[in-house]
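Novice: Protein chains in written order, with our numbering: chain A, 504 to 848; chain B, 13 to 622.
Among the clues, some could well be false.
Just a few of them, taken from the derived set where beta-carbon distance is under 7 Å, the chain A residues facing chain B [as the list claims (entries may be wrong)]: (1) I628; (2) F792; (3) D794.
To be clear, the hints were calculated from the coordinates, so they are not data collected in a lab. Note that the Cβ used here is the ideal one computed from N, Cα and C, for glycine as well.
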Amino acid sequence: MTQQKVAIIGAGPAGLQSAISLAEMGFLVQLFEKEKQPGGHLAHWHVLFPDRQPANEVLDALMISAMNPNISLITGAEISAIEPSGRKWQLKKAETLICEVDAVLLASGFKLFDAAQKEEYGYGIYPAVVTSSELEALFMHQKPWPFNENLESPKIGLVHCVGSRDAKCGNLYCSKVCCVTAVKQAIELKKTFPAAQVYSFYMDMRMFGLGYEELYHQAQMEYRVQFIRGRLSEASPADGQRIQVKAEDTLMGRPLKLTLDMLVLMVGMTPSVVLGNGSASVELKKPMFADGFVKMPGQALDDSRLQKPGLFVAGACKGPVTLPDVVKDAKATALDICNYLTEVL
Amino acid sequence: MFHPFVLPFSIGFTVMLVVLAVRYAYWLRGLSLVNRKRCLANLFSIQTLRGVSEILRESLLHLKIYKTNPVLGFMHMSLAFGWFLLIVGGKLETWYYTGDFANPIYYAIFFRYFEPVTSGFWMNGVMVFFMDFSLLLVLTGLALALAKRIRKKLVGMQNTTRHSVGNRVALTFLWLIFPLRLMAESATAGQHGGGGFLTASFGEWLFSGTWAASFEVPLWWAYSFSLGLFFLALPFSRYLHIPTEMVLILLKQWDIKQETGFRPQKGLQAFEVHACSSCGVCLDACPGINLAHDAFQASYFVKAVRENREVQSLATSCLNCGACNSACPVGIHLEGLRLDCRSQIFEQSQFNHSYLPVPMVLWRETTEVILYTGCMGRMQPKTSIAFKALLTEAGISFVHIDEKAGVCCGRPLALAGAKDQAVKMMTYNRDLINGHNGKVLVTTCPICYRYFSEEYQLDIPVQHHSQFLWELMNKGLLKREMQTLKLAYHDPCDLGRGSGCYEPPRNVLSAIGQLVANQKERDKALCCGNNLGSLSLTETTRQQITAKTVEVLTQNKPDYIVTACPLCKPTLSKQSRVPVKDLAELLLLTKHHAKGHPVSAQQYQKILDS
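Chain B extracted, bound-state conformation:
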């Protein structure tokens, strides 16, 4: 069974396999020793099975994309899963009819040319139907993809990725494959009979005349060429993401850890940047979309890294709010990748923290709470005053360790790529914290909270003040009555997406007023515009982001915008007509009315002004 038209496909496919094997072997060799050991240790374990199941869910069915955007999810699913069914079905078909599993790959691909009419028991009907159904599924996805190119809003997207010429060529071959397969199979069915509900009817309609006989073989040639050229282009285009995503899923299941430094040419980072499909889901999630001069969104950043282009401005503009990170259906560590990239840029920066004193411990004071307000907290004294008043009200002893003197928690330095300087801050703060005998470290700053929880490895638990206040309310140490207040809550990036703390602040607010919803909440919350993460975004762009965020927060006309971050609060407050308060400030305000009747927003303003 052979015809010369199988050659383009066979050559393209073989070249692809060889290139992929070489590239993956090189990347795998670039993994750190620890990570390579993990791969080997987990290769024959339940983790591999879990990986396979995840590949099925994400690479074929695209369930995560489906959850964020059902139409887009269906498009990816019908293309990927449909094609997968065609391949599996084709193999089963050849196996069933020849009784031989080990036939050449091309035989399954071009089976209908070699065996136009098949017969058999009921199984034959199922097979024929199944193959045509799979083809129809792919063609449906293709139609949606075409529609997306013409009008992105049809698939519910505001922004789609702009592709380079090379990628568009590969895309054209990909899109040609399935219509050509339909035509070729239909031509064979029209001439020789056979075919399913799709190919048989198409064949009868278009290719049943004798004149059509000369079309049959050229159509199969065209089909084979489009397949071959697509496979040839795959390892050198964004379609490399298809096989790479599968490998990445396995690597993650094998518990591969983030590697330090910026080395996108090998190791885990190589797999990550090549697993990005440029699907564009991160674009709509980005609070800075269409505002900044640079299109710095994750999709473009990863693309620039992949193409080995200049990425400095793309890496430093980003606010690091984490919105793309949590939206990414492939689960690429976008935040980490950018930070690694920054460490390269800032390697030569001259930081000098030699003036830092060494804290001396003469006496370890015992206290319930060690309060750390951080450097941003120092800029928002109202929050610190309010929180301390609440602690006093609840009868909790505390020591405010950075009231007189303190240094940064280190995260801003880490965000700027100066990890070694951050370590200096950590050492100082760790000594300061250990100088007190406290039960819990509470901070009013989400940036500090995230860094303390993730990096410090302290002996005592770390809490954000929203969590601690909710505990106090739960224990009945802080009593509040319901007020007639409409409150909009703004999720700070480092508290929400960064630390997964969504409920405690909402619980506190729900106990004193009515929480009003808006369209961008929790993991989809917009950045206030002033995240420390950005090193180069202009003030104007930041203020445009803030304006957008304020607009979303005030959608349902709240009396107050409430947040829990010393950076979000002043940023939103400067641009909002609705007053902006920290959670602790609002909770303190309601104290005066604990036993009284509910008070209106105007009355609250009077208390505040006095």
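Excised from the complex, chain A in its bound form:
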């Protein structure tokens, strides 16, 4: 009996973990990654909430487990369609056949919201406006800080819900991880610049996970981060490279103006692909305005199978999710795939 093959699209945490689980079960895994390096967004993160565990520790552990003879990782490979061929599936890039497998797992993750869409926040116009993802790169010293590091007390603002819970951007959903990420990043900022004044502009603080609320308290009590309930209306240039922001403190019921040395936009998650449903094949298309995440038909009891037998989905391409939940989902989906392949035989 020949070994059954599974193709996984996306080598982020979801793709890597399911590849590891499937390989350990004895299946041959072809893991496709469109970027040059595997790891997805995790590869660009500094430390993780709520315990501030270094992200590279987690990624390294995954990469070591993925060094399995059953896994072949193909980077720089973008898949554009999945087509059925008998009981098997063919992965294609444009018209070129890439491989033929018994099952396919879509783990293409999410894309960060393009902050330039909200021109009023000045991203891409003023250098002092950065995204939460860029802030991670700043923590890792991959870029210089957009203000004088010798400033005794830099003023830094964090804006929640950029591109999330925003009907005007076509995204009504909550991206789930940004609130606690903002709390974590505020603490990291205070650790880097102990005298900094850090302001966090939020709509609600959604501290749903274990340890999140504690972190939020720590940020307020220990690190003196100021949390202001209110959405930012605009950012405009002030003297030098500084940024003036206008917001409303909705708890105090008054408008406020602040001049900041850096403004961090907590960008939400948006879908990375939408599935075009042709007659038989499945196209992986670039999302349009208000296109949602991949919709799962099975809902509560089965959220890994698409309606076509042999096609599975795991991780953040189904919607915003935290890293531990992605890993659990990847393991569970690997089991679903195993059951499917055993049934097929």
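Mind docking chain B on chain A? Use the hints.
Specialist: For chain B alone, coordinates are given in the frame of chain A:
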């Protein structure tokens, strides 16, 4: 000359005249004192003649409807003008044959019953032909109207107004009048001879037998009843628009001004809401047609006002893009009417602008341009940066007066019905503007531009940045070369329809690229979906409107969608795959290639990204 069958007509007609006279007198009394004085002053002037000529063009020939939709125009023209010819012809006929002008009205209406056979010189033939021709014209219009009820697309309409039961009853009587007249005249012609090419041949074909004699008088009765009942229903149905439109035309010619407040029961507003014929031309013009939950289109709004129904949601949903206003063949101030209605709704709103500072003038700086980007402009810094770079390139000095601090121009508040709050903003801004010694006020926002031009009465001219940029290009202060770019221009509501500025932005774009056309341009342009005018339209509906607009704009595959409004740009941009730029941004982009070879759209994107 009398027969009892003339009674239904005579009674209906008299009642109508009395009701109309009473209603119009009441409405006229409701005009403001200034407006009443204007009426009197202009009553015996050339304006009245102009009004009569406009009545002829619009109420009878319906030239404006004809221009937007020739088939629909012909339908209205044949019904109205045909009937008018019948009435005038009838009167002339009785005058000619009796030699007496002052005969009873019914005599002209039922003339062929009293005088089946007329004789005379050549004039008799002309008269008989003329009357039958007019009848045929009306019947043609009627056939089209019937066809429109069955299949609206036949007359080139996507949407037609849904009518209430009362109006349909009146409509039935109206439609019965002319076939019954044809039948009655034909019956008389068949029995007694006479008649024209239509009635004589019909009479011979249908009513020449002796058995038909008993049909003649009942047909005249039926004709008279349908006339009488229609006239009776007219002042209480939408057909009131026929005489009211004529009065409205006169009032407008007499230079009657818009009256403040929402009082649709009297004064000018009463004439306006009753002059609406529910023709439905505004429906196809509305960008929100068939999208919103409420059918809030002008035709339905006016109808609800007329019927004294709840109009809040209808008044607040509308985007105030002005498309219905410019499409209305009767020229009703639809935008103004809605705003007046809103002022009533928002009377009790709690606005608090007490925190507004008083600008202090210590030194009046002299400058060529006073730049005002407005609150929406603050949200689109790329446009402001680009425009300022262009001013610098052209060597024009400027002061950006609301860069650090500014308040709203006031129009959004006025659109929300809070005119008094808008006045506060105006006072603040006027002080701010007067604090500088500038030659011209330039704004990058069409909303501000319209409000500054219409309401502020500043000492210096006001320009939109598209106008100012075109002037700079014209003077040779901004030099650009033609590029291989396909550009689609989106007319912002307040700039195009609102301020009549269509050419300057197009001129600027034509100088740097090829302007591609689409099916909804200039006064027919669609709204981006995000006009500040709407207070209650849902985001979903707005996004459906945007999607439709983007679809129209990208019809001819442009490289860029270009607009000139800080509200249109982000709205279109979020939903469009084709990049959306402000006019100033695109003009700045082309600077780098002023002396080089034409560049492709891909190369432009690279410059933008860098």
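Novice: Name the hints, by number, that the structure is in violation of.
Specialist: The structure breaks only hint 3.
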